[in-house]
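Asker: As you go down the protein sequences, you meet chains V and S in turn. Under our numbering, think of the first position of the first sequence as 1, with each following residue one higher. Under our numbering, think of the first position of the second sequence as 1, with each following residue one higher.
If you're looking for bench data, these hints aren't it; they were derived computationally from the structure. All the pointers check out, no bait thrown in.
For each label pair, taking beta carbons as the anchor points, the in silico distance ranges come out as:
1. V/I59 <-> S/F114: 58 to 66 Å
2. S/F154 <-> V/N159: 49 to 57 Å
3. S/N42 <-> V/N368: 23 to 31 Å
4. S/D155 <-> V/E170: 45 to 53 Å
5. S/F150 <-> V/S121: 51 to 59 Å
6. S/N184 <-> V/P290: 52 to 60 Å
7. S/N161 <-> V/E183: 39 to 47 Å
Using N, Cα and C, we set each Cβ at its ideal position, and we do this for glycine too.
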Amino acid sequence: MKRNLIIMAVIALAFSNCRNEADYHPYIGEYGPLAYDSYTSQFEHIWKTMSTGYVFWDIETTDWDAVYDDLIPEFEKLDTKHNAGEDVYTTELSALYKKAFGSMCDHHMKVYIKNIFPSPSDPYQYIYVSPGNNEVEQRDYYIEHYEDEQVGLYNFLSNIETQYDISMHESAVASLHGEYPMEVAYHYCLINLPDGRKIPYLWQSSAAITPNMNGGDSTASAIIDHWLTAIAYTPREQLAGFILDNRANTGGYQDDMDYLLGSFINEKKEIIKTRYKEGPGRLEYSAWTPYYIYPHSKYHRDITAENIPYVIICDINSISMGEVEPLTIKSVLPTSYIIGERTYGATCGLQMPERINLNYGGPYGDYNNGHYVYTSTFECLYEGMSAEGIGCIPDKTVLRKDHNGDFKAQIDAAIEYIQSCQ
Amino acid sequence: MCMNKRQIIAIGLLCLAATAADAQLSIGVRGGWTQTSISQSNTGRVDETFSKLSGYETGIQAGYSITDWMSVRADLNFMQRSYRKDRNLHYLDPVFTEYHNSYLIMPVMAVFSFGGERLHGHLLGGGFASYWLNAEIHGKTYWLTDYYVFFEDFDEYRDFNSEDQRFTAGFVGGTGLSYSINSNLSFNSDILYYYDLVSQHKGYDHLSDPRYLNTLSISLGISYKF
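Just chain V, same shape as in the assembly (with noise of 0.2 Å):
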C-alpha cells in the first residue's frame, strides 16, 4: 500500500508543473499613463492589443505573425539609432507601421501613433495609417476626400432649384454635442414632377437623425419630422417616391435605422447579425447575435403594401452607417433601390473607447500617450455575408466620375427610376 503510494505521489509531481503559463496580454482598454521606453516596447504593445481585441480576424488577409517578425528587428534597429544619440525621424517609423496596418481590411480603422522620441528639427510628431482610405483611393472611380465632397455637395444642393422644379427647400448645419460630438448639415426639399406628383427629398451628411430628433437642432429636427411627415402623409396618388441622400454620409447613429426603416415596416425584422470579441485568441468571438428593427409609430407607412419607390443615393463617400442604411433597407423594403456608387466599406459597428470593458474590442488607446487605434467594435453579416472592405454595391451604378463630378447625374437617375415605377 505504501509503496503503491509512493509510486501515484512520484507520477503526479512529475506531471504537475507541466503546464505553460501564458504571456502577458495588454487590456485592450488601457490607455492610461503608459510610458514606452523603446520603439520596440511601444509596437510590441499595440500588435498584442490588436491580436487580442481587431475584431476581423476571421476575414483580416495581413499575416499578423509574419508582421512581428518582420518588423521587430526594424524596429529594434531604431532603439540602436535612438540610444547612439541619432534622430529617428517620424517618417521612418511612419514607413513601418504602414507596413503593419496599411493593407487591413478594417476600413473604420484609423491608426495614430506618436514619435515617443522626437527630434526637435522633425516638423511631425504624430503617424496617420487609414488602411481604408488606401485601398479606396485605389478605386477608378474615385474622385475626392469626404470632406471636400460634402462642402461641394452642401454647395450644390443650396442652388437646387436652378436644377429642379421645387416647391419647398430647407437646410440646416447642426452641431451636436455629448458622446459624440458632429456638425451635420441637411437638405430637405419637395421636387414636383411634371405631372403633379412629388418627391420628397433629403439629404444628410451623417446618420444623426436620433440625436437631433431627441433634443438635438431644433432646424434639423424640423426638417427631418418635414421629410419623414411628406412621407408619412402625402396622398399615394400624389407620391411619387422619395430619395434619401446618403453621398458624403460619413455615419453615426445606428438608432437612425428607426427612423428610416422602422417607419416602413409592420413588423420586427432581423436586419444585422453581430458579434464582438471574446476572449484573447483572434477567433474567439461571442456568437453572432441578431439585430432588429421594430416599427416606428409616429412616421409609419406601409410603403411595401403601397408600392412606394424608396431611393437611396451613395457613392463611395458613403461610410459606415452611410452605407449601412442602403443596406439593410435594401435588404428588408421590396421598394427600396439604390443608386450611386459601391460605398466605402466600413460596415461594421463601434463604441467609444470609453465602453471597452464592454466589448473588450474597438477603439483604444490615448493619443497623447503613443498610441491611439479607431477600429470596429462588431463584426456585422448583412444577409448573411461580411460587407467589410466591399460597401454596398448600388442597384444601378451611376458614377459621378463618368459625369465630369457633377451631383446632378446621381439625382437624375433616381427621379427617372421613380418615375419609371408608375
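Fit chain S to the given chain V structure using the hints.
Answerer: Below, chain S alone, put in the same frame as chain V:
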C-alpha cells in the same frame, strides 16, 4: 478521418487482447458523472469568470492483471467536458456562455489493488489521450446601440477553427472500489481526475495563451473476467 483511425486502432487492440485472453483479462462497460473546469489566464480580461459544469461519460473498459496486486486498465469513453464563463460587468451581468464540449478520451492506467477477497480498494494512475469531437455553446449575449442594450439567448454548434487543439493528452489518477460478485463478474466504482497537459487553445508564436481542462469523474462499471 483521424478519429475513425483511432477508434479502429483501439477496437483492434481490444480484439487482439481478447484473442490472447486467459483468466487475467476483463472487459466491461462504464458510465458516470463528470465535472470540468478550465485553467486559463485572465490577463487582459477584467470581468470574465469561469466556473465548472457537470456532464456525463460513458464507455468501455478493459483490464489485464499482471500480478494479484497490479493490473493495467484502458478505457475508451465518450466524455462531456464543459465549463461556463460569466461576464460580471455592471449591466452586462446577464451575459454568459456555457461551453459544452464532447471528447473521445482514452485513459491507460496502472491499477494497484489492496483489500479483501471480494471487496478491493484500488489506486489508479496513468495518462490519457483525447480527441475533441464536438463543441456547442449556450448562453446569453447582447447587442448594444447608442441608446439601448438588447440581450439575446443563443444555443448553437460551434465550428472548430485553426486555434482549437483537438488532440489533447494529460495525466489521470484516482482511487476506487471493486466488488467481485463471482469469479467472473465484478463491479467497480472510480473517482478519477483528468489533468490536461496539452492546451485546448493553440496560441501563437509571440502570444501564448494556454487553456487546460480539468475533469473530475465519478463512475460505475461492470466487468466480465475471462
